[in-house]
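S.K.: These are the residues of each chain, in order.
2 protein chains.
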Amino acid sequence: MGTGDGNLPHIVIVGGGFGGLAAARSLRHLNVRITLVDRKNHHLFQPLLYQVATAMLMPGQIAAPIRQVLKNDRHTTVLLGEVSGVDAAAHTLTVETPEREPLHLHYDFLVLATGVQHSYFGHDEFEQYAPGMKTMADATKVRNKVLSAFEAAEHETDPALRSALLTFVLVGGGPTGVEMAGAIAELARMSMKSDFRRIDPQDTKILLVEASPRVLGGFDPSLSEKVTQRLTHMGVQVLTGHPVEQIDDSGVTVGGEHIASRTVIWTAGVTPSPVARWLGCPADRAGRVKVRYDLSVPGAPEIFVIGDVANYEQEGKPLPGVAQVAMQMGAHVARVMEARLMNDAPPPPFHYVNKGNMAVVGRNYAILERGNLKLTGYVAWLAWSLIHVLFLALPNLRVSVFLQWVWSYFTEQRGSRLIVEPEISSSPAETVRSAS
Amino acid sequence: MGTGDGNLPHIVIVGGGFGGLAAARSLRHLNVRITLVDRKNHHLFQPLLYQVATAMLMPGQIAAPIRQVLKNDRHTTVLLGEVSGVDAAAHTLTVETPEREPLHLHYDFLVLATGVQHSYFGHDEFEQYAPGMKTMADATKVRNKVLSAFEAAEHETDPALRSALLTFVLVGGGPTGVEMAGAIAELARMSMKSDFRRIDPQDTKILLVEASPRVLGGFDPSLSEKVTQRLTHMGVQVLTGHPVEQIDDSGVTVGGEHIASRTVIWTAGVTPSPVARWLGCPADRAGRVKVRYDLSVPGAPEIFVIGDVANYEQEGKPLPGVAQVAMQMGAHVARVMEARLMNDAPPPPFHYVNKGNMAVVGRNYAILERGNLKLTGYVAWLAWSLIHVLFLALPNLRVSVFLQWVWSYFTEQRGSRLIVEPEISSSPAETVRSAS
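Heads up: the sequence lines are chains A and B, in that order.
Last residue of the first sequence? That's 436 in full-length UniProt numbering, and every number before it is there in order.
Last residue of the second sequence? That's 436 in full-length UniProt numbering, and every number before it is there in order.
Derived from the structure by calculation, the hints contain no laboratory data.
As the structure is a prediction and not an experimental result, all values here were calculated from the model.
Warning: the hint list may mix true and false statements.
[Said to hold, decoys possible] Listed next, the in silico BS3-like pairs over lysine-lysine satisfying Cα-Cα at most 27 Å (straight line): (1) K141/B <-> K193/B; (2) K71/A <-> K145/A; (3) K71/B <-> K145/A; (4) K205/B <-> K145/B; (5) K71/B <-> K141/A; (6) K355/A <-> K317/A; (7) K290/A <-> K193/A; (8) K226/B <-> K71/B; (9) K226/A <-> K141/A; (10) K71/B <-> K145/B; (11) K141/A <-> K355/B; (12) K374/B <-> K355/B; (13) K205/A <-> K290/A; (14) K355/B <-> K193/A; (15) K205/B <-> K193/B; (16) K226/A <-> K71/A; (17) K290/B <-> K317/B; (18) K71/A <-> K355/B; (19) K145/A <-> K141/B; (20) K145/A <-> K193/B; (21) K141/A <-> K71/A; (22) K71/B <-> K205/A; (23) K205/A <-> K226/A; (24) K193/B <-> K145/B; (25) K193/A <-> K205/A; (26) K141/B <-> K71/B; (27) K374/A <-> K205/A; (28) K374/B <-> K71/A; (29) K226/B <-> K71/A; (30) K355/A <-> K374/A; (31) K71/A <-> K141/B; (32) K141/A <-> K193/A; (33) K226/B <-> K141/B; (34) K290/A <-> K317/A; (35) K141/A <-> K141/B; (36) K290/B <-> K355/B.
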């Protein structure tokens, strides 16, 4: 790999998410070769994925081509491919690419930042009825499903079926579930209120189901309570303390009660990518790799595991799988590698500094928690909006999302109500090619 | 259908393209019930589809939800479904909808504006290697294919294969083929010039193949000549007078010569939707319905066929399948129906007024032909840009596309280089869900 500087140390980073990109960017001033491997060509701004799923933003607005983000880092090569294994003894990893023999890359340092995917906790049969929300393809599928349900309800004459089509169930009361619930409520009650003739989108029922006693378990209980009030006020029914027992094509069963719904969305759980298996190293119960003080793998000091796949304990418990943790870990491993390459003293053990957590519930309302500071309502929502715009990876995406939000705020319309693949097809009803 | 005004005349329009939408909009002041049926939920602005396929625009920027376009037309119901047949004697049509029994709609007037799909002239086996360009799903597929070819070339070590990956063949020298060729040239030579480390996107070969003696056969020969010069100047090889003989996974054969290419795109031909078959009425050789002076079907005066599916002769030859013709036909049938409902004198026979044809070749260059006026270059390009922005169906899309173009013009970057479904998959390399 690389362009004629084959003698430089080679750092391979797997994963172009928040952790991997932070590592790559923090290494750019060093005289090394870097290869960043991802199976997608884009860095996905996952905190706003729910806005794609609810037709507020277009997919391209929250996806930055990794090549474009790193285009000025002349020592960094981007490789579209999927890691299938690591040979820690030989310092090589295997990358599968389309239409080609697998590549074997030799590394001097390896950073694994491969993240998580949604998990059904042993109920994989739920997946066909309740798609998850981790990738752009997931979000587009959910958007198609949500918009198609309203379309089908419009010409459904059976009242029971129509009601099932207008019932949306979100399984999982974490930030994604809460944000989705608020966004679907707005989509139905605001953006689409004049668009149908036979149904009233205001009749939409939205349920948020959480197995634990409260939503947003990562926040202070007082904030969970306020979010529940806000959701209830927006017409979302919040059901806590009951796990989902069954999901099928007729709906969900919660606490012994069956709820008829044609649109169930799964935001309840994730499972790490198989890093521990690649490395043959110990993992925690969730499958994350227990990393050392410098985020390296026990017994393989040249391999680092960061982000959602890492289990790093601080104050007696593992750090949460959020963007902030991944970004700080990425920057930290860059410092560790630099110190080793320069024969400098190693940096102090990794210490996560929580700059605050946020969640948004529809327009004008968010919660923000930072240390003892707790903010709710409009000011928190402004802060949420500003921070999320600023953290997009490319300047054009910042402008584009900002303008979209301002426009939507005043018009109450969405940005992208596009059903790309309706389930019907075979002959064209789409018209006209044009020379004009 | 409708909301309690079941005694009003019922007009069914099939197809939400340029023709169908023009008809619906021209009828909005009448006291009738209108049902617009489309198998997609969006009106696609097809003249800019090539920009989605070449990563300039995002799909949502050229797609307007039909419901949103017609939201203030309270007498108009939008139905997502696909027509499978018409019973002209009984004045009913059958609409297939997902997950439901087919609907049977009774109509007083029926407007069929169902357009065309791409056609391989009996070589359906070409489709798997050379996707067409009619729907949003087509354009997204082409975009994935084009972007993935550069990705694969970046880590291909075999020079012959790498060259095939960097060779793009456009079959068909009509406006879409010409515009695609120019756009791929710019994507490679401008937007991506700094993004790769092992290939030089400037090495990209682009071929435009046209069976007839010149490209843009609908324009004056002097303009075809200028476009060919411009394309050649941009590094596009224009090959006219030779039909494509063979397309397979290794490339295309033209004039007995094999050209190795991994990305072949088909813009060479279209075939009408099966309107003539639904109606059991005579069609021309291409499959279009020969319509009467008022665009009605011979023997069924309450059925109109408009747009690309209609064959209407003017000055001895059928009108071309372009947006302008469809829009003028849509407005005309609205006048015909209004006159009949009001018992007024019918309007004069349909007469198409050609307001001019345009085609664009990359930035700063377009051609424009209107009567004897022929314009080429920058001024034509400005006119092209202005007209295409103004004709988008929703104001927010106009602003969004305008800003995208201005931004891209100055930065030389594209708007949406997103590969949504790379051909590899199974475990996640995408990172991080976040509460922040």
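S.K.: Does the structure keep K145/A and K141/B at a Cα separation of 27 Å or less?
M.R.: Roughly 20 Å between the alpha carbons, so the hint for K145/A and K141/B holds.
S.K.: Is it true that the CA of K193/B sits at most 27 Å from the CA of K145/B?
M.R.: Given that 27 Å is the threshold and the Cα spacing comes to 18 Å, the pair holds.
S.K.: Take the C-alpha atoms of K374/B and K71/A, compute the straight-line distance between them, and say whether it is at most 27 Å.
M.R.: Outside the cut-off at roughly 41 Å; violated.
S.K.: Next pair to validate is K355/A with K317/A; report whether the Cα-Cα distance is within 27 Å.
M.R.: The given pair, whose Cα atoms are some 18 Å apart, holds under the 27 Å limit.
S.K.: Can the restraint linking K226/A and K71/A be considered satisfied, given a maximum Cα separation of 27 Å?
M.R.: Distance of about 44 Å is beyond 27 Å: violated.
S.K.: For K205/B and K145/B, compute the direct alpha-carbon distance and say whether it is at most 27 Å.
M.R.: Distance ~15 Å between K205/B and K145/B Cα, so the pair holds.
S.K.: Straight-line Cα separation of K290/A and K317/A no greater than 27 Å?
M.R.: 12 Å, holds
S.K.: Does K226/B pair with K141/B here, judged by a C-alpha cut-off of 27 Å?
M.R.: 31 Å, violated
S.K.: Going straight from one Cα to the other, do K290/A and K193/A come out at no more than 27 Å?
M.R.: Judged against 27 Å, a Cα distance of about 50 Å means the pair is violated.
S.K.: Starting from K71/A, check that the Cα of K355/B is at most 27 Å away, please.
M.R.: Violated - the C-alpha atoms of K355/B and K71/A are around 44 Å apart, more than 27 Å.
S.K.: Checking one constraint from the list: CA of K71/B to CA of K141/A, max 27 Å. Satisfied?
M.R.: 25 Å, holds
S.K.: Hey, K355/B versus K193/A, does the alpha-carbon distance stay inside 27 Å?
M.R.: 38 Å, violated
In the structure shown, a violation is registered for the earlier hints numbered 2, 7, 8, 9, 10, 11, 13, 14, 16, 18, 20, 21, 26, 27, 28, 29, 33, in ascending order.
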